[in-house]
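Put the complex together from the two separate chains, hints included.
Chains A and B supply the protein sequences, listed in that same order. Okay, so the first sequence: first residue is 2 according to our numbering, each after it adds one. Okay, so the second sequence: first residue is 53 according to our numbering, each after it adds one.
Any given hint could turn out to be false.
[Unchecked claim] Simulated pairs of lysine to any residue, SDA-like, Cα-Cα distance not exceeding 25 Å:
1. B:Lys334 x A:Asn119
2. A:Lys117 x B:Tyr333
3. A:Lys117 x B:Gly344
4. A:Lys117 x B:Ser196
5. A:Lys117 x B:Gln291
6. A:Lys117 x B:Gln329
7. A:Lys117 x B:Lys237
8. A:Lys117 x B:Leu335
9. B:Lys334 x A:Arg133
10. B:Lys334 x A:Gly107
11. B:Lys334 x A:Ser113
12. A:Lys117 x B:Tyr341
13. B:Lys237 x B:Gln291
14. A:Lys117 x B:Ala73
15. B:Lys334 x A:Leu139
16. B:Lys334 x B:Val84
17. A:Lys117 x B:Ala332
18. A:Lys117 x B:Leu343
19. A:Lys117 x B:Tyr330
20. B:Lys334 x A:Phe145
21. B:Lys237 x B:Gly108
22. A:Lys117 x B:Leu340
23. A:Lys117 x B:Trp315
24. A:Lys117 x B:Gln184
25. B:Lys334 x A:Thr118
Hints were generated in silico from the structure; no laboratory data involved. Note that this is a predicted model, so its numbers are computed, not measured.
Below, each chain spelled out in residue letters.
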Amino acid sequence: MHLFIQACILGLLAGGVYALMASGLTLAFGVMRVINVAQGAMIVLGAFLSYTLFTKLHIDPFVSVVLLTPLMFLVGVVLQLVFIRPLRADEREELSLLVTWALALGIEGLLSVLYKTNYRSTITSYADNSWRVLGYHLSEVRVFAFGMSVVILALLYVVLTRTEFGRTMRATVQNPVSARLLGVNVERVSALGFGISVATATAAGAVFGMVTPFFPGSHYDLISRLLSIIVLGGLGSLGGAIIAALFMGMAEAVFAAEISPTWSSFTFFIVLIAILLLRPQGLFGTNERGAL
Amino acid sequence: MSRFTRTGALRAVVVFGALAAFPFVFPAQWIVNIAIFTLMYAGLATAWNLLGGFSGYLSLGHAAFFGVGAYAIAIAFTHIGIGGSGYKPFFALPLVGIAVALVSVPIAWVALRVRAATFAIVTLTLLFVVQQLAFNLHHITHGSQGLALPPPPFDVSTFEQPFYFAMLGVFALAFFTCWWVKGSKLGLMLFSIRDDEDRARGVGVRVTGAKVIAFAVSVGFTGMLGGVWAYYIQFIYPQFAVDPLITIGAVLMAFLGGKGTVWGPTVGAFILVPAQQYMAYKLGASELYLLGYASVFLLIMLFLPRGIIPSISDHLARRRSGRPEEPPGAVASAPRATLPGGMAP
Numbered sequence: 002m003h004l005f006i007q008a009c010i011l012g013l014l015a016g017g018v019y020a021l022m023a024s025g026l027t028l029a030f031g032v033m034r035v036i037n038v039a040q041g042a043m044i045v046l047g048a049f050l051s052y053t054l055f056t057k058l059h060i061d062p063f064v065s066v067v068l069l070t071p072l073m074f075l076v077g078v079v080l081q082l083v084f085i086r087p088l089r090a091d092e093r094e095e096l097s098l099l100v101t102w103a104l105a106l107g108i109e110g111l112l113s114v115l116y117k118t119n120y121r122s123t124i125t126s127y128a129d130n131s132w133r134v135l136g137y138h139l140s141e142v143r144v145f146a147f148g149m150s151v152v153i154l155a156l157l158y159v160v161l162t163r164t165e166f167g168r169t170m171r172a173t174v175q176n177p178v179s180a181r182l183l184g185v186n187v188e189r190v191s192a193l194g195f196g197i198s199v200a201t202a203t204a205a206g207a208v209f210g211m212v213t214p215f216f217p218g219s220h221y222d223l224i225s226r227l228l229s230i231i232v233l234g235g236l237g238s239l240g241g242a243i244i245a246a247l248f249m250g251m252a253e254a255v256f257a258a259e260i261s262p263t264w265s266s267f268t269f270f271i272v273l274i275a276i277l278l279l280r281p282q283g284l285f286g287t288n289e290r291g292a293l
Numbered sequence: 053m054s055r056f057t058r059t060g061a062l063r064a065v066v067v068f069g070a071l072a073a074f075p076f077v078f079p080a081q082w083i084v085n086i087a088i089f090t091l092m093y094a095g096l097a098t099a100w101n102l103l104g105g106f107s108g109y110l111s112l113g114h115a116a117f118f119g120v121g122a123y124a125i126a127i128a129f130t131h132i133g134i135g136g137s138g139y140k141p142f143f144a145l146p147l148v149g150i151a152v153a154l155v156s157v158p159i160a161w162v163a164l165r166v167r168a169a170t171f172a173i174v175t176l177t178l179l180f181v182v183q184q185l186a187f188n189l190h191h192i193t194h195g196s197q198g199l200a201l202p203p204p205p206f207d208v209s210t211f212e213q214p215f216y217f218a219m220l221g222v223f224a225l226a227f228f229t230c231w232w233v234k235g236s237k238l239g240l241m242l243f244s245i246r247d248d249e250d251r252a253r254g255v256g257v258r259v260t261g262a263k264v265i266a267f268a269v270s271v272g273f274t275g276m277l278g279g280v281w282a283y284y285i286q287f288i289y290p291q292f293a294v295d296p297l298i299t300i301g302a303v304l305m306a307f308l309g310g311k312g313t314v315w316g317p318t319v320g321a322f323i324l325v326p327a328q329q330y331m332a333y334k335l336g337a338s339e340l341y342l343l344g345y346a347s348v349f350l351l352i353m354l355f356l357p358r359g360i361i362p363s364i365s366d367h368l369a370r371r372r373s374g375r376p377e378e379p380p381g382a383v384a385s386a387p388r389a390t391l392p393g394g395m396a397p
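Chain B on its own, in the form it takes in the complex (with noise of 0.2 Å):
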């Protein structure tokens, strides 16, 4: 496991150095508002990889707590207004984080008793149990009218930017938490999860201790983001706040960039945020770019199901140590010796 190797720092350091002069060499309000959703994907992805990635969880239900986040600081902002300068919901940021990671602490224990296919299904329906207590608790969140958060006094040319710093803060504190995690000891047991949770329990692994941090993290994250991303909206309503199609796109990034990997994640984000902004502006219409997105998505799990990185690192590897490149496909055909049904021989 590389953990903070020299170059991997450099790339961290120009990447979010890049990052953090991004809107003052592009201020275009456009463009900002673009990168702040790539930023927060980017986030998200990075922060279901932790889970996902990693201990081999699929989890479908992220949008959840996603709607959890936002909601929290819309309701509690509603009430109380933002005040002066218009920067205390940030500051009440790591508050919501921390709250969504300790509330999710016993859903995580229930719904981590079950595995793979199972847990997907648990997850994914815990997303619709959100949306309808969004829906249906409608004395504090309003029911399908939504909740408006009181405008924030910034100025209006540069209105764009503290959202983009907190979208870049989060990301960054994910990410960072990520790849401190890939190379220490919970790492490595969320790894033996993946591979074999059996026979990681079997030699001592605390497979439920490392299975419940690694959700709790995750999701407080996901949170984290919600929160960010209800006060630049400034206006939410359930099925907006708590969208399956917000999962769906973190899931679908980290696969294109490659699952367990540290740059994965943000890399997916990165080629498909913008593509997809693009998308919706060229084509308008929800329902063709619906259709759109479903394309893609087939298109990258039926040909590009490990990942980006890990696709180029095996290249790299094989070249490295002079052996000629292998026919594409020539190593996934080795496991698929074994037979149909999820049955090793």
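Isolated chain A (complex conformation) (with noise of 0.2 Å):
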């Protein structure tokens, strides 16, 4: 019972992480009808940049997702502009994913060629610290890597929800037709739509530097189950792809505590398997758009 407690919380700190790297990758479907399969590109990126920045510059991951944040939200607009906007709208959603997953090869390529293809980890000064309540070890670093990911969900949840930005982006993933027709500039929504989403990346890899050891190919690995998650969420809905990613994190720690570590991996295989044969619109999707 204690190694299942503790597998839980293990599960929860670590879906927590999964709901930030996941949201975007919803979000970004939700706008564009895009699956960036890139999403697991851009966040072995944020990891060798802030591993980058902690051991050239000494600056702590923590610290370095503030600098680091606004600079890829506006990699993620160009990156948009010129590889996303260009596709045909009725194309876009096939394509978008060859081209997406071109750009991942493009970074994975990139990153190979600047740091070799050795498995790096920022490890800080408090990278071994815990603490202890009630028994139960919580590491340091995973509670705050917890912490900054609801910090970024509730200012992504108080954008979408309370400013004129978001009600045009909800109006977007709602129905981009209708949306055109009340004035909405949807281009100028699925650019920034894209670049938030690479932000968010850009965060979440950051402290996935801190807590997995990772290289530049990591993304393949990080993909297959960001996509079991937002599959399972349904497929543009953000609060669906939040509690599949707590889910997830959850049962994979618990399946590999309790069965057997090396087929944990698995877990987000066999959840999918089951959507598939259950639900395949995912728990919060709808087979209409609409979803967030």
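Shown next, in the form of structure tokens:
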């Protein structure tokens, strides 16, 4: 029982970071019907950038998030303008899969040239510290990572629900045609949406690098998990993605602790198959547009 | 639908005749080596096209079945040996193809419950499932250590030839299957699914059956090519046999040549694979190679998403009908009037 609860705690903390990673992915899909296969590579890129800032300039990864996120937001906007916007609307959903896959390969190639293909890890002075609460270990890094994810997701929620820009974005998710008829600049919203998606990936990457060793090819492993999460949550549903991420994080940790660590990544695939059989549109997805 | 027209048949006879004569005209080993990979990718792209091009279901997981075929041959022949002449693995190929196709039926049935982007996600995940299986089923796959096949007892000077003809054989089989399907009732069913699946179902097309058959046949050929590849390479391990780059290579070639056409994937492979091998040879380090690959890929997707063959045949059709050439993009811009987000008003 002790092991089970310890695994649940670890899984919940990991699930919070998964939630941040998956939020951008599902948001980009909601706004543009674009599956960003490069999301995993963006996370790894964020991990390498914060790793470099930490080892060269001794900037703490939690501080570098504040510096890197706006920068990568701009990179995301530019990527959308250059690579996603030229795709024709009726082919965008399928072509974007391939274009973003090419982007992922490009980022992997670039990182391999710059950093070679060794495993890295951002190890801060407090990396091994942990608190004991009622006999359970709470690693400081993981708790901070979870806290940061919650803060960023809360910011995202406020932006989406309380600002003019958030309203235009939700309108675009619900129905781009009506949104445009009502004067929303859908193209602009799409570019900014992709920017937000890349920014969340960068922030998640900075903390990912502190809890998991990574190398340029790590993105395949990440994207396969994240895609399972957003299918489970329902494509385009932000709330669904967060709940699915927390659930999958815990399911994976419990599976690893109680059954087998070697097979723990299969938790994602088992859940994916179950969801396809029982509810192909995902937990919170709809057959129509409009889930957010 | 033109089906086995005289010019079409003539073209096929000339191309496949030339391919059969190729290793005798250019016997140098490095040339035949490149030709083997070219034929392999031509076969992979053609097989992918049967599902992705004809029915519009974009599979990103074909490498999973390539790996299954490769491991099937490798596992079988590390244990029982390949016997005197060394041709035994080739005779086992049809069995591998049928077995992979049968295994894929339940998988296809589950995966094909969802469409478009979700289908692509599911197939992509399938690839990682199979890769993970290859790592974890240590007692039969030897995990990350990999499996070594016994060396084939072929004469050194013509070592490549049996593999060349095996690849050519599977490729030809996939090609003629595709050609036949394109003019058949199954082809019409697949095209109707691509154009509008709901309406096709509404008028009585058995969409699920057609999709599952296309999936099974497509991955069956993919598995056979994986089998030949494993025997040729003689040493396989998980990252190498179940490589996302194999899928993406085949998809890219189908797009470059023109997906949904009979010759497109072949044209794409014959352009890209030699270029790819040349790049790998020139740039050497795999890191730069990945960058080069990604750039070529992006250029094709952005500037030639419809592919070479459809672009050329449009051009010819316009000339034949005597209408003046429209400026490039004029045709493409008509559907662009629809609003973004994939919804036509």
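Now for the hints, and whether the structure bears them out:
Pair hint Lys334 of chain B plus Asn119 of chain A holds up; C-alpha atoms about 24 Å apart against a cutoff of 25 Å. With a CA separation close to 19 Å, the supplied pair Lys117 of chain A and Tyr333 of chain B stays within the 25 Å bound. Restraint check for Lys117 of chain A and Gly344 of chain B: satisfied, since their Cα atoms lie roughly 17 Å apart, inside the 25 Å limit. Restraint check for Lys117 of chain A and Ser196 of chain B: satisfied, since their Cα atoms lie roughly 21 Å apart, inside the 25 Å limit.
For the hint pairing Lys117 of chain A with Gln291 of chain B, the CA-to-CA distance comes to about 18 Å; that is within 25 Å, so the pair holds. For a cut-off of 25 Å, the pair hint linking Lys117 of chain A to Gln329 of chain B stands: about 22 Å separates their Cα positions. A distance of roughly 52 Å separates the Cα atoms of Lys117 of chain A and Lys237 of chain B; the hinted pair therefore is violated under the 25 Å criterion. Taking the CA atoms of Lys117 of chain A and Leu335 of chain B, the gap is near 15 Å; set against the 25 Å cutoff, the hint holds.
Proximity of Lys334 of chain B to Arg133 of chain A is assessed by CA-CA distance (about 56 Å); at most 25 Å being required, the pair is judged violated. Proximity of Lys334 of chain B to Gly107 of chain A is assessed by CA-CA distance (about 18 Å); at most 25 Å being required, the pair is judged to hold. For the hint linking Lys334 of chain B to Ser113 of chain A, the alpha-carbon distance of about 18 Å falls within 25 Å, and the restraint holds. Our distance criterion of 25 Å between C-alpha atoms is met by Lys117 of chain A and Tyr341 of chain B, whose separation comes to about 13 Å.
Restraint check for Lys237 of chain B and Gln291 of chain B: the C-alpha separation of about 39 Å exceeds 25 Å, so the hint is violated. In summary, the hint linking Lys117 of chain A to Ala73 of chain B is not supported, as the alpha carbons are separated by about 43 Å, beyond the 25 Å threshold. Proximity of Lys334 of chain B to Leu139 of chain A is assessed by CA-CA distance (about 51 Å); at most 25 Å being required, the pair is judged violated. The straight-line distance between the Cα atoms of Lys334 of chain B and Val84 of chain B is roughly 18 Å, inside the 25 Å bound, and the hint therefore holds.
Of the pairs offered as hints, the one joining Lys117 of chain A and Ala332 of chain B holds, with about 17 Å between alpha carbons and a cut-off of 25 Å not exceeded. Of the pairs offered as hints, the one joining Lys117 of chain A and Leu343 of chain B holds, with about 14 Å between alpha carbons and a cut-off of 25 Å not exceeded. For the proposed pair Lys117 of chain A and Tyr330 of chain B, the alpha carbon gap of about 23 Å is at most 25 Å, so the pair holds. At most 25 Å may separate the alpha-carbon atoms for a hinted pair to count; Lys334 of chain B and Phe145 of chain A exceed this at roughly 46 Å.
The suggested pairing of Lys237 of chain B with Gly108 of chain B holds, with an alpha-carbon distance near 17 Å, which does not exceed 25 Å. Of the pairs offered as hints, the one joining Lys117 of chain A and Leu340 of chain B holds, with about 11 Å between alpha carbons and a cut-off of 25 Å not exceeded. In summary, the hint linking Lys117 of chain A to Trp315 of chain B is not supported, as the alpha carbons are separated by about 39 Å, beyond the 25 Å threshold. Our distance criterion of 25 Å between C-alpha atoms is met by Lys117 of chain A and Gln184 of chain B, whose separation comes to about 24 Å.
Of the supplied pair hints, the one linking Lys334 of chain B and Thr118 of chain A holds, its CA atoms being roughly 20 Å apart against a limit of 25 Å.
This entry does not satisfy hints 7, 9, 13, 14, 15, 20, 23, going by the numbered hints stated previously.
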